[in-house]
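Colleague: As you go down the protein sequences, you meet chains A and B in turn. Going by the numbering used here, the first residue of the first sequence is number 3, and it counts up by one from there. Going by the numbering used here, the first residue of the second sequence is number 3, and it counts up by one from there.
There's no promise every hint is true.
One copy or two, it doesn't matter: identical chains are merged, so the pair holds either way.
As the list claims (entries may be wrong) - Computed cross-link-like contacts, SDA-like style, restricted to lysine to any residue with a CA-CA straight-line distance of at most 25 Å: (1) Lys58 with Thr311; (2) Lys137 with Leu270; (3) Lys58 with Arg351; (4) Lys220 with Gly320.
Because the hints were derived from the structure by calculation, they are not lab data.
There are 2 protein chains.
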Amino acid sequence: MNDDALTFFAPAYLHDFARRVFVSFGVPEADAVQAADVLQAADLRGIDSHGVARLKTYVDMLTLGRINPTPNITVVRERPGTATVDGDNGLGLVVGPWANRLAMDKAEAVGSGWVSVCNTNHYGIAGYYALEALKRDLIGFSMTTSTKLVAPLWGGERMLGTNPIATAFPGLEEPPVVVDLATSAVAYGKIEIAARKGEPIPEGWAIDRTGAMTTDPKGMVDGGALLPLGSDREHGGHKGYGLSVMVDVLSAVLSGANWGPYAPPFALRQEIPARSVGKGIGHCFGALDIGGFIDPDEFKRQMDDYIRTFRATRPAPGTDGPLIPGDPERAAEADRAATGIPVLPAVVRDLEEVSRITGVAFG
Amino acid sequence: MNDDALTFFAPAYLHDFARRVFVSFGVPEADAVQAADVLQAADLRGIDSHGVARLKTYVDMLTLGRINPTPNITVVRERPGTATVDGDNGLGLVVGPWANRLAMDKAEAVGSGWVSVCNTNHYGIAGYYALEALKRDLIGFSMTTSTKLVAPLWGGERMLGTNPIATAFPGLEEPPVVVDLATSAVAYGKIEIAARKGEPIPEGWAIDRTGAMTTDPKGMVDGGALLPLGSDREHGGHKGYGLSVMVDVLSAVLSGANWGPYAPPFALRQEIPARSVGKGIGHCFGALDIGGFIDPDEFKRQMDDYIRTFRATRPAPGTDGPLIPGDPERAAEADRAATGIPVLPAVVRDLEEVSRITGVAFG
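Based on the sequences and whatever the hints tell you, model everything.
Modeller: Here's what the structure looks like:
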């Protein structure tokens, strides 16, 4: 069997499978749809690591009772433009959208709404939440902590998650600008791919377990760490580290979740942290009402001009010129909506295993 | 004369000089004090490029009538948690603090306040505004656009400013975490220093006028561009580019200022953009009421734990381990409060020139 041969699935088929899997654990129907929506957004947008490829991990955690399928999500503190939400250890794919809606409601009510979330779990792609805000003429912001994987600049060990930030800005005729980035130099998935292929990784991606910069992907996987965006001091590694700290504090310290190296593991293979300093992991959502600043149509017209202006940038030699943030994901979405979602053999096997565990038919 | 010999000035002396210089142009006394405060914050915190070293440029612009010394700053649109401010082409050092106070007032009123600003000018160091928020138990955010200097990833020309982001988080016993970073890989000042010394710059800092990566600082100065944080695609240059776009849109598109390559020049030597798409440059300030999320003392206790935990990170080989964001600036401040502010001979000559132009005594 060719281990790289892809199987293509209709998006609706994978959505339905994921929904029924969640329901099989007692997740309420509406929540299961919501969770499947978030996974599907990742699969459609080409962020394969965060779609159905993660379903097996959610199933593992639900099977062990490490995630609460029927959380009582509550607001523990609130002002007109702020709130802290306790996710009652529910699926991040359910708690995240709930808290994001609250931030958006607050932005509609007073212009600006910010919600920090504790006692939650992995919430899927950060970009999903910013895209939701576009539907309500809001500028959304989404951040989350995750299990430690990244070293601070000059650190020799994992202390921070890949701590992403996402936001999106609507155009009128042009598609939106969607910024969605992890604050690490590179995604862990790229290290895994290089390790599987036995290829070296570039300088600036990772350190090994001694804390030294390495080009051996296995050196990172085996107790090493990713480097922050900027990689080293000379290229601004302190900036990526600072951004990661910002995400961590807004998501986890502000909400009373576990920050930094104490974020609980998402997958079974990950170690349990030495201490607990709060409840679960943390997210942070923000929303701004465009109409609270400027006429929304005028904003969108300017964004159209912005997008066209940046597309017309003189290209660097050997390139086709700059992309607009969000272009690659939009291209993937157009492609996959037409041809289906490509799934790797290893992920197909995982989904078959999920089917056996849950009794939900697959394939 | 040794061109690197520093002259040390008492902070109060430089503050007084700057204040009187602004007053000499008709800037009201309170505004002149405010402007001098912002410049002094840069000088004390070791960000020499943004302190009195910039005074000559402000004087040039005031002399030519390019900055309004007595602006009528107005709120052009507002909701309880948002506002757009028109700075009436005043000093950014006056308009910025005004708008930042409005964001903080809104955060006190409803928990979260965001203010976008058009028709303004260079506002000093981004970090100043986040530090002001700490005095009111708020988490502050500060962003600004600036004259084009940075290429988008895969772009061959200047399209964005260095577009900084700053925020700060208070500790209880520990000093605050202060994140203050430009979204370019490196500061323009470092290119200038290398050019003056005739030394090469590292790969990943800049491109030349053809759009090709260069290690010749003069190649960047002469019509080239800085690269965004992350430098190239492999190391996340698309992320620095995305962050820069975020700052640009929140500061300039949202407020109706000139975005991207159309930000007007700050200094006389810079070219006038081909188009005007709004009013002046743009800033964006945000403030969150910590008490709207969590008990502020509990937050600060957790931040103390956070800071101590990160200080205890195992160091990477050959380093003393990670710093806490804000450490270098705090060290500079302690040093300079004691020994005075070191000023380069070229800057002393600029200040003497300012003295001649304005009639305000110096030296």
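Colleague: Kindly indicate which numbered hints from before are broken by the structure, ordering the numbers from low to high.
Modeller: Numbers 1 and 2, in rising order.
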